[in-house]
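Q: Listed here are the chains, written in short residue letters.
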Amino acid sequence: DTEVTQTPKHLVMGMTNKKSLKCEQHMGHRAMYWYKQKAKKPPELMFVYSYEKLSINESVPSRFSPECPNSSLLNLHLHALQPEDSALYLCASSQAGGRLFFGPGTRLTVL
Amino acid sequence: DQQVKQNSPSLSVQEGRISILNCDYTNSMFDYFLWYKKYPAEGPTFLISISSIKDKNEDGRFTVFLNKSAKHLSLHIVPSQPGDSAVYFCAASAYSGAGSYQLTFGKGTKLSVIP
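Respectively, the protein sequence lines represent chains A and B.
Counting from 50, one number per residue, gives the positions in the first sequence under our numbering.
Counting from 125, one number per residue, gives the positions in the second sequence under our numbering.
Calculated from the structure, these hints are not laboratory results.
Please note that the accuracy of each hint is not assured.
[What the hints assert, rightly or not] With a Cα cut of at most 20 Å, we get these calculated SDA-like pairs of lysine to any residue: (1) B:K195 x B:S173; (2) A:K89 x B:Y163; (3) A:K90 x B:P164.
All chains should be built: construct the whole structure from the sequences, respecting the hints.
A: Spelled out as structure tokens, the structure:
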């Protein structure tokens, strides 16, 4: 299994909603990532988890809250988002050699 | 300051010809360099990578060349096919500890292969 899965594929939410994005991998990778990508821009790193501990937070606003329940799962909890947070949210995991495996992404629209 | 630069936003190539995508970097501490292919509204798909201690890596139609003295790498696709049309991101990887890596992406080059 060389796949990273993400749910949901699409999400529309209001600014007062609370929602969660989910990510799963079964490749035994011990590092997992959240990236955000806007149209016509490269992916931007948000968070890194190593061995289920948050190791990097790229100054992301607190309305985004990551969680790593176990080595295969990664969640991103969303609360009180702004319309400018609308983007493609990508989860990834990595193996030795610096290669990141990306999931298909969740297309988030904040109304 | 951009550490990874792809100076060509777009490239058009005839089917069957060679596509050459270029990338420059500024940080000598990167361990690996990778190329990802991306379609709209999908996650990046890994294409090929090269270690910083190598100068060439080949996989089928795809070859990546690394010139460390010039801090330059290139991706060659031969022969180009219409299905290769996508945005290609160059990325540089640095180990950030505890089994994790930080990828720095270029802004991407949109490749169009014309039948």
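Q: Report the numbers of all earlier hints that the structure fails to satisfy, in ascending order.
A: none
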